[in-house]
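Enquirer: Each chain, letter by letter, is given below.
2 protein chains.
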Amino acid sequence: MLNDVARPRAAFFLSDRTGITVEMLGHSLLRQFEDVPFDEITLPYLDTREKAVAAVEQINARAGRGALRPLVFSTIVSPEIRRVIDSAIALHLDCFGLFVALIETELGVLASPSVGLSHRVDDTIDHYQRIEAIRYTLEHDDGMSRKDWELADIVLVGVSRVGKTPTCLYLALQYGINAANYPLIPEDLSRVTLPEQIRDIRHKLFGFTVEPARLHLMRSERKPGSEYASLRNCQHEVRAAEALMFRMGIPYLDASNKSIEELATAVLHQAKLERRIY
Amino acid sequence: MLNDVARPRAAFFLSDRTGITVEMLGHSLLRQFEDVPFDEITLPYLDTREKAVAAVEQINARAGRGALRPLVFSTIVSPEIRRVIDSAIALHLDCFGLFVALIETELGVLASPSVGLSHRVDDTIDHYQRIEAIRYTLEHDDGMSRKDWELADIVLVGVSRVGKTPTCLYLALQYGINAANYPLIPEDLSRVTLPEQIRDIRHKLFGFTVEPARLHLMRSERKPGSEYASLRNCQHEVRAAEALMFRMGIPYLDASNKSIEELATAVLHQAKLERRIY
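These protein sequence lines map, in sequence, to chains W and X.
At position 238 of the first sequence the residue is numbered 358 (the working numbering), and the sequence of numbers has no breaks.
At position 89 of the second sequence the residue is numbered 209 (the working numbering), and the sequence of numbers has no breaks.
It should be emphasised that the hints constitute simulated quantities derived from the structure, not laboratory data.
Here the structure is a predicted model, which means the values were calculated and not measured.
Hints are supplied without guarantee of correctness; some may be wrong.
The list makes no distinction among identical chains, and a pair is therefore deemed to hold if it is satisfied within one copy or across any two copies.
[Unchecked claim] Straight-line alpha carbon distances no greater than 25 Å define the calculated BS3-like cross-link-like pairs of lysine-lysine that follow: (1) Lys171 with Lys392; (2) Lys343 with Lys267; (3) Lys324 with Lys267; (4) Lys392 with Lys378; (5) Lys267 with Lys171.
Using the sequences and the hints given, assemble the complete structure.
Expert: Laid out in structure tokens, this is it:
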């Protein structure tokens, strides 16, 4: 028979909206307790008293039968709903309750929870901005489209498989940025001028480079044994691309060993882009 | 001369990584103080003592000359770096410090900050999973590609401009899910069977519908005055698509008035998908 103490302890992530923030926060906290197994459960959209009561029942069901009480992380604007969650048999790590109180004291102003819950006008503008940014970014992926390059907020350049497309999509989705990208293909690398589409927007260009050995691995996954994927060709392309970017005064960073979020936020900060949405 | 008290108070978001979590958390807290203007500044990648000291200098520069002391939100794993931030002239809302202590007490186990900082193996697997999911999702956008539909985790269906593509990209980027989508075009709507690509994976289909008036607005932005965008045609397509989905037993939701995160998390939870990455 399984020892109760060895069973994973439940960790709930509760939110009155999507739960994305509380999941990210809670998960990174739990990662610091490497040897403790957790069973992670997200309960989003707890925006009524009834849903909160149902969530408490679900939490309490995990607290019974000798199991250790769950951890509950929450980001919930309504104080009333937070109080319902407080009644669960659990350690409630109430992000909003805790921090709102501290900020209220600091500012000498009371929070307006109803306002926080529904900035509907902002949200709708954000929504359209984001849809437009995604559309723009998809249309200007990989140098496609011949027009509207001047509408880009940023244009990533670099050799094939260096990470331009995922980074552009992240910039569009997370920050509402029109993020185009243009591949530096072998023909471009030997030129003395930039390709036509991006010639007049040089100040919007931002480059990625990569360790040739890593590029070789990435390309070999897609086209094993090809000349395109060979280490020799990767070395040549990377060297030529770096020389081109240097010659043209295009700032660039090394994308090796960086996650997509890291690349996107690095571009955001280094190119001093303004995020358009939250 | 501008009154110092009326100047926006600085709100810093500090992180040892990208800063995305702390920005989202801090921003939603500040939104509850509608009448207080804030100047929001993100300082990511504070992963050494030196960078933390420089951040403190930047924060203190905003605390001088009669200005109110800044608010500082942080998600920083290293206790040493958190202590450096504590020395700033600011209200430090230390998410990790506060919650780690509470969790340690509850679990009777000390956190291992060094581990939390670098789950490098997990991160690399996540990175590749995400790149692959994005590649898959782009290749299977809008019913493109004729192959590998059985590799989808989910296939969104619905009429044109209902929000399938942004939702699929969000599922791929945020959760590492292979999210294909297939447009229900007028020819499909009158059929008695499903289109060939998606016929054998009916259990993976999930539908979006929308209020016809809203669809009319969305389509009119792209193709004003067209038959495609006309309210009459939108009403017809939506009705036919709903009938088809009902006939085929495809679960669907109303995508009107929902943000992309809301749509993505609704699909995740309703279709009971497992997120593949964190």
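Enquirer: Can you give me the call for Lys267 and Lys171, within, between, both or neither, at a CA distance of at most 25 Å?
Expert: neither (49 Å within a copy, 42 Å between copies)
Enquirer: Cα distance capped at 25 Å. Does Lys343 pair with Lys267 within a copy, between copies, both, or neither?
Expert: Classified as between: cross-chain Cα gap 18 Å, same-chain 31 Å, threshold 25 Å.
Enquirer: Are the CA atoms of Lys171 and Lys392 at most 25 Å apart within a copy, between copies, both, or neither?
Expert: Answer is between: at 19 Å across copies they meet the 25 Å cutoff, but 42 Å inside does not.
Enquirer: 25 Å Cα cut-off: does Lys392 pair with Lys378 within a copy, between copies, both or neither?
Expert: For Lys392 and Lys378, the Cα distance is within 25 Å only inside one copy (19 Å; across copies 30 Å).
Enquirer: My question is about Lys324 and Lys267: at a cut-off of 25 Å on alpha-carbon distance, are they close within one copy, between copies, both, or neither?
Expert: Cα proximity of Lys324 and Lys267: one copy only (15 Å, versus 37 Å across).
Checked against the numbered hints listed earlier, the structure breaks hint 5 alone; every other hint is satisfied.
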